[in-house]
Amino acid sequence: MKIVMLGHSGAGKTTYLSLMYAEMQVGIGGFQVRAKDSGQHSQLLADARAIRSSRYPPITNRRASYDLALRYNGAEVLPFTWRDHRGGAATGRTSDGEDVGQLHQDLLQSDAIVMFLDGYALVHEPAAAKNASRLSAHVLRAMRDRPEVPTPLVIAVTKSDLIDIDDDKVSEKVFAPVEGLAKAIAATKHIFGTIIPVACGPAPLNVVVPVLWSLRFGLIGMLVRLSTELESSVKAANSAASLDTLADRVGSWWRGERSYATIAENYRQAALRAQRQIQPLIKPAEGLEQMLKDIQYF
Amino acid sequence: MATPNLKLTMLGTTGSGKTTFLLGMYNTMTVGVQGYFLYTADPDEGVDLEEAWDQLIEQGELPPPTAENQSKRYQFVFNHGFDTLVTVEWLDYRGGAMMDKASAADAAELREQLAASDSIYLVFDGARLAPWLNKKASIQDVQKWLRIGRMTQLLQHATQDRISRGLPLPSLVVVITKADLLAGQDREVGDALQTIIDNLQILVPAAYVKDVTTLLCPVQVGNFGPKTPLQVDVSDIDPMGLHRPMVFSLMHRLTEGLHGHEDQLSRQRADQSAADQQIAALNQGFGAYFRSRKIARLQDTSTSYAAAIVNQERQFQHDQSLIARLAAELEGHPIIRNGEVEL
Chain A
412 MKIVMLGHSG AGKTTYLSLM YAEMQVGIGG FQVRAKDSGQ HSQLLADARA IRSSRYPPIT
472 NRRASYDLAL RYNGAEVLPF TWRDHRGGAA TGRTSDGEDV GQLHQDLLQS DAIVMFLDGY
532 ALVHEPAAAK NASRLSAHVL RAMRDRPEVP TPLVIAVTKS DLIDIDDDKV SEKVFAPVEG
592 LAKAIAATKH IFGTIIPVAC GPAPLNVVVP VLWSLRFGLI GMLVRLSTEL ESSVKAANSA
652 ASLDTLADRV GSWWRGERSY ATIAENYRQA ALRAQRQIQP LIKPAEGLEQ MLKDIQYF
Chain B
5 MATPNLKLTM LGTTGSGKTT FLLGMYNTMT VGVQGYFLYT ADPDEGVDLE EAWDQLIEQG
65 ELPPPTAENQ SKRYQFVFNH GFDTLVTVEW LDYRGGAMMD KASAADAAEL REQLAASDSI
125 YLVFDGARLA PWLNKKASIQ DVQKWLRIGR MTQLLQHATQ DRISRGLPLP SLVVVITKAD
185 LLAGQDREVG DALQTIIDNL QILVPAAYVK DVTTLLCPVQ VGNFGPKTPL QVDVSDIDPM
245 GLHRPMVFSL MHRLTEGLHG HEDQLSRQRA DQSAADQQIA ALNQGFGAYF RSRKIARLQD
305 TSTSYAAAIV NQERQFQHDQ SLIARLAAEL EGHPIIRNGE VEL
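The listed protein sequences correspond, in order, to chains A and B.
Numbers 412 to 709, taken from our numbering, label the letters of the first sequence in order.
Numbers 5 to 347, taken from our numbering, label the letters of the second sequence in order.
Hints listed in this document are in silico derivations from the structure and should not be mistaken for laboratory results.
Careful: at least some of the hints might be erroneous.
Derived DEER-like restraints, expressed as beta-carbon distance ranges [to be verified]:
1. A:509 x B:68: 38 to 46 Å
2. B:9 x A:680: 29 to 37 Å
3. B:242 x A:457: 47 to 55 Å
4. A:615 x B:65: 54 to 62 Å
5. B:62 x A:639: 47 to 55 Å
6. B:87 x A:704: 29 to 37 Å
7. A:680 x B:308: 38 to 46 Å
8. A:680 x B:297: 40 to 48 Å
In the DSBU-like style, the derived pairs of lysine-lysine whose C-alpha atoms are separated by at most 35 Å in a straight line are [to be verified]:
9. A:541 x B:11
10. A:600 x A:584
11. B:11 x A:600
12. A:594 x B:148
Using N, Cα and C, we set each Cβ at its ideal position, and we do this for glycine too.
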């Protein structure tokens with residue numbers, strides 16, 4: 412599964428990634444996230460420790476990709492790649508850097524999108540609303556060409572601990588720039604959007620929600636694929652079995668071909684493999700469903 | 005179904021505010037208006053337009069006057085949410101044909117462009133209308149300053165070309181830039197617009213041609229005053245009405261398309277009816293058994309007509325609903341249709 416993260420410089424993307432990783436090391440509800448590469452693992456934890464000591468990571472100046480995996484009760488259930496793009500890639504020219512085109516490709520091909528908005532800037536800096544509206548428009552443009560497959564899109568409003576999101580005037584300033592994008596998403600059947608206030612400061616808020624919301628869809632997608640495979644394998648096995656006769660077995664042997672009996676058995680094995688892959692995913696899928704059941708989406 | 009294309013040409017004199025209008029229009033629509041979005045087909049071109057707009061709203065720098073003979077083409081995509089409604093080929097014309105000493109080649113080039121246009125924007129500089137509204141200049145002065153004679157001639161040729169080719173006539177938008185300057189002593193912008201409407205047949209005779217639909221649309225980027233500075237106070241920036249010309253052009257294009265849908269629906273219903281009648285005739289009498297294959301083929305044909313009719317009706321209803329939503333954006337703006345003013 413591929414997750415792409417985008418937002419303007421200073422919105423808190425890299426900070427979020429590090430703190431999310433640190434929290435998911437401890438785990439929640441049996442779920443954890445681990446990096447496949449020990450170097451990335453150490454770097455993310457080091458960044459998280461620095462952030463907790465109020466030393467924030469430098470602005471990302473190039474695209475970074477992390478190979479991670481979701482684990483449930485110690486067993487890996489879903490590998491995923493998390494892509495972090497520099498802030499300027501979202502609204503820059505293709506001639507500014509290779510990553511502008513790469514971000515566009517990631518928006519087309521990724522399985523989940525996490526868009527970061529700086530909540531504090533939206534409330535206190537007039538230009539932030541314009542920038543956020545533009546970012547929404549760029550995301551909308553890129554997503555227009557996506558295939559119609561179920562896609563989660565999380566709008567993470569960072570630095571929510573520095574604003575009063577429950578105040579009507581504040582929430583209007585925060586949500587107005589993405590209203591068009593939210594309405595466009597709500598009108599689709601295949602994109603599932605949600606807006607999550609996040610804080611990575613001394614009082615963390617919803618840090619794990621964006622990643623778990625995204626991974627939930629990955630897990631469901633995997634279950635749907637495997638279920639479809641299981642169903643079609645069973646159907647094909649039954650169809651082949653119905654054509655299994657002594658004459659076919661002898662004739663196939665004579666001709667050096669696979670008999671319907673063999674074909675049916677191969678499909679039965681494929682069905683069993685799919686079933687074995689499905690089993691370990693059911694509990695984690697139910698666990699995520701339960702954890703995220705109160706998250707409103709559009 | 006293929007995405008319809010809209011060809012749009014913008015005409016106006018130097019300094020009338022065409023570039024500033026385009027920047028404001030683009031940046032208003034790119035972030036969305038009532039769920040409608042506009043963006044450039046080339047993303048880098050969109051960044052150029054955004055940066056030029058940022059220069060204005062952050063530094064107060066108006067775009068520099070564009071040199072003559074530097075017409076610029078843009079390719080836009082107009083969406084509602086994720087649905088592309090139309091692609092727009094926009095030509096900001098700055099060639100020599102608007103000048104007094106236009107060459108035959110310049111005039112021919114623009115004539116060809118206008119004859120291919122589905123919508124034509126005539127940009128009138130509000131600063132040039134103000135003296136006339138203040139009774140300090142005559143309407144003939146306005147016609148001279150805005151090169152209305154030249155525009156009228158070009159439009160007449162364009163409409164004649166389209167009529168001779170059996171094409172629908174283009175919609176017109178009279179874009180009045182710097183609309184803040186229309187107001188005066190004891191005169192609101194609405195009063196000024198009424199005076200303009202009362203004299204529109206003199207100013208834009210092409211708007212009163214049969215089958216032509218025209219929107220009169222005041223727009224402004226800010227309250228910058230009558231002089232044309234290159235630097236403005238950012239607190240004076242107050243964009244208004246910039247998206248309406250494009251909304252109108254799209255609405256008109258879709259309305260024209262409705263006639264096409266209706267014609268196609270009539271043909272499809274007639275074809276289906278003919279097939280059904282043939283089926284009924286072939287099913288008569290003893291020989292019907294021997295005609296079963298032909299009857300089956302005709303039934304398939306009739307079924308496919310039925311499916312096409314359902315699709316066409318669905319598209320028709322969808323476009324009607326969209327037209328109604330777009331029309332709501334233009335409420336209160338004068339539209340001249342077949343020579344009659346609608347408000």
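How the hints compare with the structure:
Remark: the range hint 38 to 46 Å for residue 509 of chain A to residue 68 of chain B is contradicted by a beta-carbon distance near 32 Å. Here the CB-CB span from residue 9 of chain B to residue 680 of chain A is close to 54 Å, at odds with the stated 29 to 37 Å. In this structure the supplied range 47 to 55 Å holds for residue 242 of chain B paired with residue 457 of chain A, their Cβ-Cβ distance being about 50 Å. Distance hint check for residue 615 of chain A and residue 65 of chain B: the Cβ-Cβ separation is about 43 Å, which falls outside the suggested range of 54 to 62 Å.
Look at residue 62 of chain B against residue 639 of chain A: about 52 Å separates their beta carbons, and that is inside 47 to 55 Å. For the hinted restraint 29 to 37 Å between residue 87 of chain B and residue 704 of chain A, the CB-CB distance of approximately 31 Å keeps it satisfied. Separated by about 43 Å at the C-beta atoms, residue 680 of chain A and residue 308 of chain B satisfy the suggested range of 38 to 46 Å. Judged by the Cβ atoms, the range 40 to 48 Å given for residue 680 of chain A and residue 297 of chain B holds: they are separated by roughly 46 Å.
Taken as a hint, the residue 541 of chain A and residue 11 of chain B pair is honoured in the structure, with Cα atoms around 29 Å apart against an allowance of 35 Å. A hinted pair counts as satisfied when its Cα atoms are at most 35 Å apart, and residue 600 of chain A with residue 584 of chain A qualifies at roughly 27 Å. The suggested pairing of residue 11 of chain B with residue 600 of chain A holds, with an alpha-carbon distance near 32 Å, which does not exceed 35 Å. For the hint pairing residue 594 of chain A with residue 148 of chain B, the CA-to-CA distance comes to about 47 Å; that exceeds 35 Å, so the pair is violated.
This entry does not satisfy hints 1, 2, 4 and 12, going by the numbered hints stated previously.
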